[in-house]
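Q: Residue strings, one per chain:
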Amino acid sequence: MRKVNTLKNSVGREISDEILEQTGYKPFETTKIGHPEVTYTDHKVRVTKGDDKLVDSLEKVIKDNLKDGMTISFHHHFRNGDFVFNMVMDKIIKMGYKDLTLAPSSLTGIMNDKVIEGIKAGTITNITSSGMRGELGEAISHGLLKNPVIFRSHGNRARSIENGNIKIDVAFLGVPNSDRMGNANGMEGESAFGSLGYALVDAKYANKVVLVTDTIVDYPNTPASINQTQVDYVVKVDKVGDPDRIGGGATRFTKDPKELKIAKTVSDVIVSSPYFKQDFSFQTGTGGASLAVTRFLRQAMLDQGITASFTCGGTTSPIVELLEEGLVKKVMDVQDFDKGAASSMKSNPGQAEIDGSWYADPDNKGAMVDQLDVAILSALELDTDFNVNVLTGSNGEIRGAVGGHQDAGTAKMTIISTPLTRGRIATIVPKVNSVTTPGSSIDVVVTEVGVAVNPARQDLIECFKKHPSINLMTIEELQERAEKIVGKPEKIEYTDRTVALVEYRDGTLIDEIKQVKD
Amino acid sequence: MEIKQTALAGTLESSDVQITLSKGQGINIDLNSSVEELYGKQIKKVITDTLAKYEITDANVKVVDKGALDCVIKARMMAVIQRALGTADQPNWEVL
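As given, the protein sequences belong to chains C and B, one line each in that order.
Under this note's numbering, the residue at position 441 of the first sequence is numbered 441, and the numbers go up by one with no gaps.
Under this note's numbering, the residue at position 24 of the second sequence is numbered 24, and the numbers go up by one with no gaps.
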């Protein structure tokens, strides 16, 4: 093995000199953003009166606008019901394009095969995404792509598009409806998915904006989340998505006693904290346990007569129910995780569509996450320094997404809710495989056996001591407890080749993910 | 001890392990585990240790593991061994 010179960043991750030199990255230092003065990038506008926008040939649009080496973008709001990504990428690959940079808001499972095909064909040579899973994550972890993938949080993606680190040449944005001029939203039509949040940044900054839709409605179409001043083409296709796979039905309320215990404890932690007061704000994730938190929290709000000023981030049906009950005043909605949340947007004026920048961008004049009191997040792994990994699995392969994790981590109290172990895999470990969110962002860890508070938050420790229902433990005690159950795992072996770079939300390098040894 | 018949214990559920024990020469372990990179060696150790306690020196062991803990692997091993030896109704408590 050749000698690699490295330096350690402030979360103790080794970053190779070679990468720093080649990419010009600075190593991660701090979660504090400060008040830098930044310059937003310019973008080209082809002036038109709009009569030539509506076309039915995707090939012609691609041929007239795309060149080798360009950057293309997509959104992932159709989730696993997406037809647009595969439709467009298939044509681009068949037309023989080379050296494209793929810059979607994220990659869902249904896109995996097409991305792999595109890499093998030489069409895709660079990728930046929030995450990737399944076969694609596996393939990347075993060295399929020559250039490292760059992982960015949702807020950092907005920031990088604004500052030109991601310079989108052509954005292909699927929408469930549009008029002939490009006024479109995500709320109506057979394949409605609710908020267009992440795509709105692309529509604003891409040099060319191509809407792909199966439903042309009368002009002018309102509400217009994306509007005609931003759109170059509207391409009519047969079908943009599979409504049954866009958002699952409402996730069932968990009956798992372990998940319920965790959810109840998370709710107790919130209620016992100084942040639980009139007009507080919070963000929850998805999954059974998270939905259960919402239910327990609802009861506590009713009992104490407290209402929340807003929730933000990804929206689920139980959150919409809180809105409809008047327990939450506004739902600041950047994406919708289920059908109920997606379809309620058009009827609930309090469920407001926000874009990726408004939601979580660190380099603007104030994002929603900066106003958050409480964030409840999950983790694949968390270590005794409170560093969180949501990107790489226990075998070292990429199987997750940064999402809004780093962004929501700026909340006044960030809670990680996680079981102590998953099967034979410990969740609380001595050192995480890779760092996504730095420990200094994390305040409380809730497991089924106990609650650990970051020692930097003595105020919270003092506060929770007064509540006997909260079983305080140290993070080291939790880690030892987990290891006692599952045993000590062997170390994963990596080569010295870098397959992915993980940016912190300010664009510094928080980690480098290495190729897994076969 | 000599194996009299092929036996099976366990399921393919998450956190369980399914073990098939049959006649063989020497100990051959065919391990397929969802946590092989992390716990492969440890799983094999529990299997060989349990076989040794029953003084079994010749056996083919097919293991399909779904992340079972050591205590589960040991329990499934004891069950499959006693079934293979035809002694399932006389648990060997000393092995515990």
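Keep in mind the hints are simulated off the structure, nothing from the lab.
Note that the structure is a prediction, hence the values are computed from the model and not measured.
Treat the hints with caution; some may be incorrect.
[Stated by the list, open to error] A few chain B residues facing chain C, derived, Cβ under 8 angstroms: (1) GLU13; (2) SER14; (3) LYS41; (4) ASP58; (5) TRP93; (6) LEU96.
[Stated by the list, open to error] Derived list of chain C stretches under chain B, where covered just means 3 residues or more per stretch with a C-beta under 8 angstroms from a C-beta of chain B: (7) 59–67; (8) 411–425.
All C-beta atoms in this analysis are idealised placements derived from N, C-alpha and C, irrespective of residue type, glycine included.
Q: Three or more residues of the stretch 59–67 of chain C near chain B by CB distance under 8 angstroms?
A: Violated, because only 0 residues of the stretch 59–67 of chain C bring their Cβ atoms closer than 8 angstroms to Cβ atoms of chain B.
Q: Count the residues of the stretch 411–425 of chain C whose CB lies closer than 8 angstroms to any CB of chain B, then report whether that count reaches three.
A: holds (count 3)
Q: Have a go at the LEU96 of chain B hint: is there a Cβ in chain C nearer than 8 angstroms to its own Cβ?
A: violated, 19 angstroms
Q: Taking the closest Cβ pair, is LYS41 of chain B under 8 angstroms from chain C?
A: With Cβ-Cβ at 6 angstroms, under 8 angstroms, it holds.
Q: Using 8 angstroms as the Cβ threshold, decide whether ASP58 of chain B counts as touching chain C.
A: violated, 28 angstroms
Q: Identify whether the interface hint at GLU13 of chain B stands, where standing means a beta carbon of chain C within less than 8 angstroms of its own.
A: violated, 11 angstroms
Q: Go through the hint on TRP93 of chain B and say holds or violated, using the shortest Cβ distance to chain C against 8 angstroms.
A: With a closest approach of 25 angstroms, the TRP93 of chain B hint is violated.
Q: Mind checking the CB of SER14 of chain B against every CB in chain C and telling me if the closest is under 8 angstroms?
A: Status holds, d = 6 angstroms.
The structure fails hints 1, 4, 5, 6 and 7 (numbered hints given earlier, in ascending order).
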